[in-house]
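Chains as they are written, first to last, in our numbering: chain Y, 6 to 390; chain F, 6 to 390; chain D, 107 to 282; chain G, 107 to 282.
Errors might be hidden in some of the hints.
To be verified - Just a few of them, taken from the derived set where beta-carbon distance is under 7 Å, the chain G residues facing chain F:
#1 207
#2 209
#3 241
Derived by calculation from the structure, the hints in this document are not laboratory data.
Using N, Cα and C, we set each Cβ at its ideal position, and we do this for glycine too.
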Amino acid sequence: MADLFPTTVVGSWPRPSWLLAELKRKNRGEISYDEFSSVADEAVLLAVKYQEDAGIDIITDGEQRRDNFYSFVADKLDGLKLMTVAEVMDYVEDKSRYEQMLRALDVPAFAIKSPVAVGPIKKKRSIALDEMQFLRRHTRKQIKIPLPGPYMLTRASWIDPVSRYAYWDREELATEYVRLLREEITQLRDGGASFIQLDEPTLTEIVYGQASKQTFMCAAIFSKVDPKEELEFATELINRTVKGLSGVKLGVHVCRGNWSRKEESLLKGDYGPLIPYFQEMKVDQLVLEFATQRAGELSVFADVSSFKELGLGVVNPRTSEVENSEQIVSKVEEAIRYFDPEKIYLNPDCGFGTFAESPVNTSSTAFQKLEVMVKAAEKLRAKYA
Amino acid sequence: MADLFPTTVVGSWPRPSWLLAELKRKNRGEISYDEFSSVADEAVLLAVKYQEDAGIDIITDGEQRRDNFYSFVADKLDGLKLMTVAEVMDYVEDKSRYEQMLRALDVPAFAIKSPVAVGPIKKKRSIALDEMQFLRRHTRKQIKIPLPGPYMLTRASWIDPVSRYAYWDREELATEYVRLLREEITQLRDGGASFIQLDEPTLTEIVYGQASKQTFMCAAIFSKVDPKEELEFATELINRTVKGLSGVKLGVHVCRGNWSRKEESLLKGDYGPLIPYFQEMKVDQLVLEFATQRAGELSVFADVSSFKELGLGVVNPRTSEVENSEQIVSKVEEAIRYFDPEKIYLNPDCGFGTFAESPVNTSSTAFQKLEVMVKAAEKLRAKYA
Amino acid sequence: MAEATLNGLNLERLKEIVKEVASQPEKAEELNVWRARVRWLGGFRGRAYVRDHTFIIDEPSDLAGVDTAPNAVEYVLSALGGCLTVGFILNATKNNVKIDDLEVSLEGRIDNILTFLGLSDQGHPGYREIKAKLYVRSPADPKTIQDIWSKTLETSPVGNTLSRNVKIVPEVSVVD
Amino acid sequence: MAEATLNGLNLERLKEIVKEVASQPEKAEELNVWRARVRWLGGFRGRAYVRDHTFIIDEPSDLAGVDTAPNAVEYVLSALGGCLTVGFILNATKNNVKIDDLEVSLEGRIDNILTFLGLSDQGHPGYREIKAKLYVRSPADPKTIQDIWSKTLETSPVGNTLSRNVKIVPEVSVVD
């Protein structure tokens, strides 16, 4: 089968409107998570069908049961409360940072929510096991499960004056997440997942968030950071999460924001400053965006020897234009100058519907982008097999 | 000598401008109380000279050492702090009452001060003994010493959230004042004072302050009152203060405000509601204003039998016109219909300079008013001797 | 029996109030006059007193204040935001429209701040323009929301204060 | 060596700030733009957010509020008071005049509050007139005080905002 250039997705798929309506009802407390989830089953089947038809090798469930890639954990864990920026602002002192973010995103404080640690974190239900089990029953493809990374979870949910009621400090909260994620990964592996992707998009915000004066996204706004310390902290958390785990591919996904089709509102800068930390991370693959200029040149990896696998972003999930397969082929061939062809996976830069209510694309365009990506992979396989 | 219709003053005399300049320096902390007081000596001599020349029988020192008739105690007692309305407003909840008062008086909150009990009240120096001793050395006339009454002191200085640090309740603070005043009166008597006048002007505010929607004066604004309770409380405090004291004439002075020449801004109403309490007070004399219509008719005393002495207010301290002696004579003859002539003293309605910085008259007019009062007394003596 | 409420307002009470104001001229007159007092605390800080309430006004540190509170021009924006909030809720409630969430984001542009510091005589130091963006979450249709918003702008006390000329009557009293 | 201060202001720092604003157009531009956000809390209550500060806006109970804070039109008066306070202190300090105490008492008259409640279409619901009385205690002579007061009124950001027409640019966004 397809040994070289496996194709996959980063995670989310645009939700159907009828799913969004049910999501609102769930958020308002009118239906339970289980009631919502049973409606979401069909949305998952649709997302699976699109990926299978496009010929994707390793598929996800399109994150149809999640409101976004990280705050959905509030449904899964006790001790987390989905708080609006408005609620958070009642607690923090540096309110002006939130105000900047709200103005940058042009949203009211009541509209943006983030899971905040308000009590001891305990599993109410598994984080993604239900997603995996449903998916397992409905596809023969390999399964990828994206999970929010331990650093992003910690950063998003630690609001100093609130979270201190439950945890001594941010490190103690992080340790809890590491424990929960390890447990989850083990169960997902045992249940049949072949690829676990830890989403850590805010790593670029640490490096480029300040300079660009752009706030990244809700997951990143809730704490101030010292870049070096934060990157070390993130790396350490990732390594503690994956330590000693085997029998499943472990990846880390990093991007520069995926909440808007205005490219200028997203972060910009190459991977250079992150490479030393990437090298420290004991994971199998780095899933990186490369389809836009904003991500910088692949050449920053020129002097990096014996690197792990690269999940290479080859299509932009935020454009209406579908890339052609030749563009994708030449992007991959550029990567081959710095990476072993056996280590290169093809994927979009990010999900097509990171935030349920503001997907960056339509299903039909997303489908075409996957198709062309598969076509490029076939060409490459023919050439490099 | 003059047995009938003795003449006296209620207390204050307009301060010379050079004394006001020194008072400001003392208030700013640039000079000490003793330094100020030695400058005030000459102002006292002037006030004494005016009264002696006018032929007044029982004189005061013109209250030249006091900034006003009650807040001067802050110089004398530890535990009292002269706070502006602005400072008090930082502590109290019903700020709107103060705002009403400031608007009614057309003054800023920084301009009005009141002594507030902020710690245990202790004598730093005697309240008025120094005044009396200086006066004793410089006149052969009988001496009257006005003292702030126990009720007014309590009412003015009790600010609930502040004073509770020092005293359990208002009653406990009042008991302290009663003790201090008894001690002071005894010393003043032993030193040669013949008349001690307790100033309780706010008694009219209890009765008429609400109805007229006018706030009385700074001494009265600092607490809300239930009229009956307050009058009983005031009466009880006065009686506890004078109980068992003999060898000195004890009086209580009541008026309706003396801070402005706009008569309409002062309180209005007769003594009727106060008479039952006057009858309970174990003092020798009531020093009452009667020179204006606002004080009501003397006839309210028609059915009151065997009343104590009356200090009859016969000149208005706030007008530029000097009363003529015939007016005064007929006012006294009206009083004679309800009071024994032997029990009638002649005095102005109130002081001529109750508040140091806003005297209600000039020295020369005040002097002429005293002269005409003495002239009237002489006519009356000729008639009733 | 529980009383009917909408948007956190008691409907009966609201009706009563409107009726009272409509029928009693002295009640309306009372609501026509508002008062405040601001006392200087040193530097650029002041304390405002309004009925039983009090709050601080300060300047940011880049304007020589100590930044313990918003400054005067920020209070003006907030007052407009507060006024539009109250007005919108009032008009929505009167029309029986449920509001789930509401927020007003404001941005004001001073004509020329240099005139305040005495560095220019071009233009003036007051606001030239104020943007007021209302975010609202409600089951009502967009047309209804737009109508309520228009009515709110038209009848806003602070909005009208700002968009019209107010006569300022100054007086100064030197106190000894 | 201790730095010279007057009226609670560091004179060197004040000079520097004025110099900075005068010489750097981007600094002046920054001070030309001010922002606020008001979030509805239910009923007639709102919470204002201004940089790192926050405060409540409410209505008195006789206007169906719960009277936990001043209302919008009272904040406008207070803002004017705060602005005149800052302006007076700024101008006094620049002229080396010591101020001991200062207070501004304000009273505003709404043209016709009935229009706010939809009970009349005569006049408008904005302030028609605002009286601002300054009380000041200072060793300076009355003429100097009067000059500072005139300058303050002339250069007051809130004063100019109120006495001129501000263009209000409304926008509404229905959020899901």
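The hints, checked one at a time:
Taking 7 Å as the C-beta cut-off, the interface hint given for residue 207 of chain G holds, the closest approach to chain F being about 4 Å. Hint status for residue 209 of chain G relative to chain F: holds, with the closest Cβ pair at about 4 Å, below 7 Å. For the restraint placing residue 241 of chain G at the interface with chain F, the shortest Cβ-Cβ distance is roughly 4 Å, inside the 7 Å limit, so the hint holds.
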